[in-house]
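Here's the letter readout for the chains.
2 protein chains.
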Amino acid sequence: MVRIAIVGGGAIGLLFANYLTKANHHVTIIVRRKEQEMEIKKHGISLTGQEEQMDVEVRQSNDFIEQEFDLIVVTVKQTAIKEVVLNINRGILRANAFLFVQNGMGHLTSIRQFKNKSIYIGVVEHGAKRISDNMVHHTGIGKVNVGLLKGNEHELQVLVKQLTSEKFPVNYAQNAEKIVKEKLVINAVINPLTALYRIKNGQLLHNEHFIAVMKKLFDEAMVVLNLENRADMWEEITRICRSTASNDSSMQVDLTVGRETEIEAISGYIIREAKEKNISVPFTTFVYESIKGMSAITERG
Amino acid sequence: MVRIAIVGGGAIGLLFANYLTKANHHVTIIVRRKEQEMEIKKHGISLTGQEEQMDVEVRQSNDFIEQEFDLIVVTVKQTAIKEVVLNINRGILRANAFLFVQNGMGHLTSIRQFKNKSIYIGVVEHGAKRISDNMVHHTGIGKVNVGLLKGNEHELQVLVKQLTSEKFPVNYAQNAEKIVKEKLVINAVINPLTALYRIKNGQLLHNEHFIAVMKKLFDEAMVVLNLENRADMWEEITRICRSTASNDSSMQVDLTVGRETEIEAISGYIIREAKEKNISVPFTTFVYESIKGMSAITERG
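Protein chains in written order, with UniProt numbering: chain P, 1 to 301; chain Y, 1 to 301.
Treat each hint with caution, since some may be false.
[Stated by the list, open to error] Keeping only pairs whose Cα atoms sit at most 27 angstroms apart, straight-line, the calculated BS3-like set for lysine-lysine is:
1. Y:LYS292 with P:LYS200
2. P:LYS292 with Y:LYS161
3. P:LYS167 with P:LYS129
4. Y:LYS200 with Y:LYS216
5. Y:LYS129 with P:LYS292
6. Y:LYS150 with Y:LYS277
7. P:LYS215 with Y:LYS117
8. Y:LYS117 with P:LYS216
9. Y:LYS200 with Y:LYS41
10. Y:LYS167 with P:LYS215
11. P:LYS167 with P:LYS216
12. Y:LYS292 with Y:LYS129
13. P:LYS216 with Y:LYS215
14. P:LYS200 with P:LYS82
15. P:LYS216 with Y:LYS41
16. P:LYS275 with Y:LYS215
17. Y:LYS117 with Y:LYS215
18. Y:LYS215 with Y:LYS167
19. Y:LYS216 with P:LYS277
20. Y:LYS292 with P:LYS216
21. P:LYS143 with P:LYS34
22. P:LYS277 with Y:LYS292
23. Y:LYS216 with P:LYS275
24. Y:LYS277 with P:LYS215
25. Y:LYS178 with P:LYS215
26. Y:LYS275 with P:LYS216
27. P:LYS215 with Y:LYS292
28. Y:LYS200 with P:LYS200
29. Y:LYS178 with P:LYS292
30. P:LYS292 with Y:LYS167
31. P:LYS215 with P:LYS167
Think of the hints as simulated: they come from the structure by calculation, not from any bench. Please read all numbers here as calculations on a predicted model, not as lab measurements.
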């Protein structure tokens, strides 16, 4: 049994909390809103289509948390990570090990600097959609790939074995940076385009014109991130479009409901890296400016 | 009195027919559909908000037309111009002079080859929206600039004076290619972006991100078309966005209702020119492929 705190009550946070509780770990979920805290306290966390509700300890993110965890899983979006990193640096969130599962790579520099901690980064391949404050729809079963950013490799391998279960497989990945880079490429191609065109993931493969734009974004990301497995990666991207064909990407949803998107962490990161390396990325720049502009029109408040 | 035939029963065709009839010219409008022919025959052509209906002769485009006109104004979109050019070449449409008012420049090569004809090209600055088969909403009063592609300069100047009226000013423009090039730049910036973002013309100036993309498209078009009056042209584009702020661009409307857009004549032309001149136009390529792709999803039939 691992004592786990999960920071973030979004779809991924609820998914982790549900499955890790099922696997008999002691799970505390840390959420931002009082209403969500109350809801989870009363009804536990459940998956749609399943009657079973998982009893999970729940805390508000500005509560004083006295205990130290074996593992803290940070599931908030990269747009909200600054505050979590601050709380870790201040010792308000204490654990032996941290697992970060954000899209993008912009946070890696700051989390690498944590003193005396084991830092893991993960790539979540699940599809998940939050239905309510305590219920999540598991739209696509995948796996969680976890790699070592800092710390002891063997310890991580042991942890991964403890966390994994049949319906929620957790894999050890040898090259942590490679897995987040690859996820970044996938996100840089699928997310901004589905948001811009207001289409579902599968529709990207609908015609040669969309595919032409995808390939341009793909090429730019691969060059900037210095990845070489072009054929495999392109195959992976089209596979994901097919396997999540009827899903709306998170960026498409965020843009539609007027929430802040992850465009900074995804295309913004590629543009900043490209600038440093003096590489031209016009297609990535196009989607970046377009999503920023459309957000400015649709964002609430 | 000039004997004028107007080819095309769209918004611009109806607008020309209405105002030129008001200015006491003898106008025949040539439309494609029988229903539109009947409608105009019965009720004439009118502007929204005005009771007066202009009696205009109307013919179907596959009728045999025995008479020769002083002037034929071709108002069909560039996507439909092939057939008109064919009918002119076959002598089915006969006139001393032709005025073409298409967006884009792709048709200039073929119309320049007409034998023994005066060929004029025009840029329409009016805003117009077809309400029904015989009614048009004049959404923005502008002017029609006409320049000489082939023929006698003085003859054109005389014609322009005959056509012009207070509410429908027609101007002589010294450099025909320059005015269509400038219109092309304006269309290449405003039309694809408003269609892609599904916004009104005025919203393009809503934030720095949209403006950044506009400027990139603007730069590419200016370089490819070899235009130098950068400051004036940019000022003109922003002026048009403001003066037509609440209008949907024709491309945005075409895309929404599932009609073929003019993307080939606008961005497609720039891309083909750029290729010949070995100039890179990634932003124009992005909007071109995007509009083509979105059309393939929304097009009817």
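Taking the hints in turn, this is what the structure says about them:
no.	hint	result
1	Y:LYS292 with P:LYS200	holds, 17 angstroms
2	P:LYS292 with Y:LYS161	violated, 49 angstroms
3	P:LYS167 with P:LYS129	holds, 17 angstroms
4	Y:LYS200 with Y:LYS216	holds, 19 angstroms
5	Y:LYS129 with P:LYS292	violated, 31 angstroms
6	Y:LYS150 with Y:LYS277	holds, 25 angstroms
7	P:LYS215 with Y:LYS117	violated, 47 angstroms
8	Y:LYS117 with P:LYS216	violated, 46 angstroms
9	Y:LYS200 with Y:LYS41	violated, 35 angstroms
10	Y:LYS167 with P:LYS215	violated, 50 angstroms
11	P:LYS167 with P:LYS216	violated, 36 angstroms
12	Y:LYS292 with Y:LYS129	holds, 23 angstroms
13	P:LYS216 with Y:LYS215	holds, 20 angstroms
14	P:LYS200 with P:LYS82	violated, 31 angstroms
15	P:LYS216 with Y:LYS41	violated, 52 angstroms
16	P:LYS275 with Y:LYS215	holds, 19 angstroms
17	Y:LYS117 with Y:LYS215	violated, 39 angstroms
18	Y:LYS215 with Y:LYS167	violated, 33 angstroms
19	Y:LYS216 with P:LYS277	holds, 21 angstroms
20	Y:LYS292 with P:LYS216	holds, 16 angstroms
21	P:LYS143 with P:LYS34	violated, 30 angstroms
22	P:LYS277 with Y:LYS292	violated, 33 angstroms
23	Y:LYS216 with P:LYS275	holds, 17 angstroms
24	Y:LYS277 with P:LYS215	holds, 24 angstroms
25	Y:LYS178 with P:LYS215	violated, 36 angstroms
26	Y:LYS275 with P:LYS216	holds, 17 angstroms
27	P:LYS215 with Y:LYS292	holds, 16 angstroms
28	Y:LYS200 with P:LYS200	holds, 24 angstroms
29	Y:LYS178 with P:LYS292	violated, 34 angstroms
30	P:LYS292 with Y:LYS167	violated, 41 angstroms
31	P:LYS215 with P:LYS167	violated, 33 angstroms
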